[in-house]
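Trainee: What follows is the residue order along each chain.
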Amino acid sequence: MVCRGAKNALIMVALSCCLFLLAAPGLPAQAKNSCINCHGLFDPPLGINAEEFAGSIHAQKGLLCTSCHGGDSSSDDMTQAMGKAAGFRGHIERAQIPALCGKCHSDAAYMRGFNPSVRTDQLSQYQTSVHGKMLAKGNSHVAVCIDCHTTHNIHPPNDPRSSVYPANVARTCARCHANAEYMKDYKIPTNQFALYSTSVHHEALAVRGDLSAPTCSTCHGSHGAAPPGVASVERVCSTCHVFQQQLFDSGPHKAAFGAMGFPGCITCHSNHAIQHPSDGSIGTGNTAFCVRCHVEGDAGYTAAAGMHAGLVKLDGEIQRSEEILKRAQVSGVEVGQTAMALTEAQDDLTKARVAIHSARPDAVDQNIQAGLKVTDKTWQAGLAAMKELKYRRQGLVASIVAIVLVLIALAFLIRKIEAPKPGETK
Amino acid sequence: MSEQSLNAPGQPKRRLFVEIFLGAGVAASLASFLYPVLRYIFPPETAEATSDTVLAGRVGDLKPNTGKIFRFGSRPALLILTPDGQYSAISAVCTHLNCTVQYRSDLRSVWCACHNGMYTPDGRNISGPPPRPLDKYDVFLKGEEIYVRRQGNA
Chain A
34 MVCRGAKNAL
44 IMVALSCCLF
54 LLAAPGLPAQ
64 AKNSCINCHG
74 LFDPPLGINA
84 EEFAGSIHAQ
94 KGLLCTSCHG
104 GDSSSDDMTQ
114 AMGKAAGFRG
124 HIERAQIPAL
134 CGKCHSDAAY
144 MRGFNPSVRT
154 DQLSQYQTSV
164 HGKMLAKGNS
174 HVAVCIDCHT
184 THNIHPPNDP
194 RSSVYPANVA
204 RTCARCHANA
214 EYMKDYKIPT
224 NQFALYSTSV
234 HHEALAVRGD
244 LSAPTCSTCH
254 GSHGAAPPGV
264 ASVERVCSTC
274 HVFQQQLFDS
284 GPHKAAFGAM
294 GFPGCITCHS
304 NHAIQHPSDG
314 SIGTGNTAFC
324 VRCHVEGDAG
334 YTAAAGMHAG
344 LVKLDGEIQR
354 SEEILKRAQV
364 SGVEVGQTAM
374 ALTEAQDDLT
384 KARVAIHSAR
394 PDAVDQNIQA
404 GLKVTDKTWQ
414 AGLAAMKELK
424 YRRQGLVASI
434 VAIVLVLIAL
444 AFLIRKIEAP
454 KPGETK
Chain B
138 MSEQSLNAPG
148 QPKRRLFVEI
158 FLGAGVAASL
168 ASFLYPVLRY
178 IFPPETAEAT
188 SDTVLAGRVG
198 DLKPNTGKIF
208 RFGSRPALLI
218 LTPDGQYSAI
228 SAVCTHLNCT
238 VQYRSDLRSV
248 WCACHNGMYT
258 PDGRNISGPP
268 PRPLDKYDVF
278 LKGEEIYVRR
288 QGNA
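Protein chains in written order, with the working numbering: chain A, 34 to 459; chain B, 138 to 291.
Extracted from the complex, chain B is given alone in its bound form (with noise of 0.2 Å):
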């Protein structure tokens, strides 16, 4: 008797306090279940997303004095052997007009097809329209692989 009459006013206070801590997990479960489900039906309106870093070939992929076109993201990138045997990796769109640009071996330089456009191996832009240079990546190899990163994300 004297137990009951001790517990008898704290009882509907507890029950209420693990109602409501109960209640909140759930809405808040919910949220987090929701809340991915809407995001993926309504996307929002972002840029590509672009990865920092991307395979771009293997030692051996390329002989000295060639280069070769890989994807980085969603657009073209040239990676270069120069005939020094040193790596080089630039974007491969023409600041000029946006077309690829190729590594011509003849004249050593990388090439625009569209308007003649010329830059240096390292990107420079050097005759013809382009305005500026081309935006240049950083290259390092692990192992037998070699990687090209956006400059600044070392």
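Pulled out of the complex, with its shape left as it was, chain A reads as follows (with noise of 0.2 Å):
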């Protein structure tokens, strides 16, 4: 009997074993861990707020405080829990953080148990950056892992709770490159967060909330984060402003920026605090990139000062257009097909202002006489619903005065009908 208890006893250890292998990669959720019971209680840097840990992804996905730390939080028992037998690590070392945390997250087989697709080449891709770079060389006053992700309280990057969340993410990078005490040994400038939070792209980020707009790591790069550097600045910027680069690759700017030196888009549009490019940014006014190199007389002051009078002159033809048919609207003439086909002036206008890249008149040029052509017919057919509209106010003041004079004709007959006749007593 006693043996078939055990024998009884040993198949379940086997099958709990099988079932917990099966479970794997994480733990199960509901493993003890007896680490929070006295850390949970404890101020920082020793105490962890056991909330926010329960509700980070390490937490949901099963992994124990034991996971990073070592240790054997099933036991109760301090000196065991904190063992060296256990492997107890305790307090990390800076610069073993990148190692240990690649050591699951660079391991292809293991993630592909959380999520089949999640990238491992975070590590790698640290390793080439200037953070990682310089953390090799001993500076361990550089972002590792923790910086961006926090220790404890780690979600994933679509999580709005994230500190890596799109639109969190300047300000975690501002945490230390805006803060000029703490990057003051390595000579770079620390304006980048207030200059960004001016941008266009913040602006579309953080004010429109659309996710996609460029946030640091979409021209940095994450893991592997450095400056673009001047060759491939361009290049940047093209994973979505891809006919400004084309355009800009067919131009005689692409070779005059390279033999100079400058970077492509970031010379006119600077880099951080690029801001919403109007038609004054092109042309020979005061707002005017060209001007910053070009001086008048030379070949590219008069071409920047008639590409940036063509945009005008288009744009002022299309608000012409657009205030008389509204006029015409407003007063109830039908001019719903020229208001459609004045759209594609304005589409020939947006082509213009991309056209612009290629900084040749030329280029720029087509568009404009293909919209101005355009405006034209719109504009004549505004004229022509105008006319339209006074010539149905001219019939209906005619037709009014002829019922008016109707009425006053009828008053009169009705007061010779009630008036008494000659001879006749009231």
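No lab work stands behind these hints: they were computed from the structure.
Quantities reported herein were computed from a predicted structural model and do not represent experimental measurements.
The reader is advised that the hints may include incorrect statements.
What the hints assert, rightly or not - For lysine-lysine, the following DSS-like pairs were computed, each having C-alpha atoms within a straight-line distance of at most 27 Å: (1) B:150 x A:454; (2) A:449 x B:205; (3) A:406 x B:205; (4) B:205 x B:279; (5) A:359 x B:273; (6) B:205 x A:410; (7) A:420 x A:406.
Using the hints, put the two chains back together into the complex; each one sits in its own frame.
Mentor: In structure tokens:
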């Protein structure tokens, strides 16, 4: 009987082990985590927020304190739980953190168990980054995994609570990069976040909530973070601004910028504080980018002035047509077809504004002329609509005059009928 | 004599009533005649009057995997016959900078020529600068005619 009981117990243990292995790679969520009993009560740095940790992706996937810190969380005995025999590591040096995280996150086979498409190149990317290279040289004053992802409150990047959620990335980077005191040894500016906060990219991301809009890591990389470098700025921007790059490459600026060592795109648009360009960005006015290099009399100066004039002319013509069509429309004249035709001119203006990147006046003028042809027709149609309106109003006035005359005549007639006839008494 | 004495006190009252009645009727008629005239001469600054349903085309106008632009009010819209034979109608005004989008058979997607914006045939923005999807319309057939209707106006 005893023997059978022992056999059954062994089978149960074996089955439990099998189930445990099947549930791998994560540890069961209900596994005992005795560390929290004490460390949940301590103040930092020894204390952790148990609630925060419980909500983190690691705890959600069944990882325990021991997954990173070693030890045995199943034991309530402190000496055993934090004993050398149980592999307790305790505090982890900053320099060791990337390797520690990489132990799981670079293990494709292990990570596949949690998410079949999760990336596992973070550590190798990190080693190519400015942060990673400096860490390898012994400078632990640089960002390691926990500086961006936090330690115990880690969430996946698509979780709005995450420090690396697109809308939170800039603020996360700014924790170090906007801190002049912290960055004083590196001789790089610390105004990037302030400048970025004024940019069209920040507006798209933070104000309009477009999560595909760029933040720091979009241009600099995340794990492999580094400045793009003069040669690759254009390629970085062109991941979104495709046409602008193609046009830039087809124009004279490509070679000229290359010869002078100017990076593409940011030479005109700046890098962090990119503003929405206007038609005043090209030309020879105060706000024009062109006059930073071109001076009166050179071919570029003349070309810039010509392209600016073309844009202003077409924009003015579109507005003139819009105004007359709106007046006609609110007055009851049907101009829907013409209003729709006018959208073609708007398309041409937008295309002309993109064609600016070729710095070729003929390419811009092609779009301008196409647009002007449309606005010529829409303006004529607008004039015709107003003529029609005038004609209708004249007809209305004529009919009102006729009706009023009839009413007056009727009034006289009624009075005449009602008037007492001569000799008749009331 | 007795009849006259009965009616005499009532006559001016009755006449007054008839005059007020007639006067009010004439005034109301004039007001109803002048009001639309005045509204016509001084039109309100309203947005464009938009129709809710338009005829977008006829069955057979489109081959599968093609699209065509049609007018919805004063704005362009796009009717697409997808490769699997489904009609889709969406606004053709790009949500980035209002350019007119087109259906690209080679990409099987809706494409904006201004900044390379890309949408699915049912208007979801999938690539490039468009910040949000294109407005989607309902499509229904009446015999051989394809009608497109603003959503929520069924």
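Trainee: If any of the earlier hints don't hold here, list their numbers in rising order.
Mentor: Result: hint 2 breaks, nothing else.
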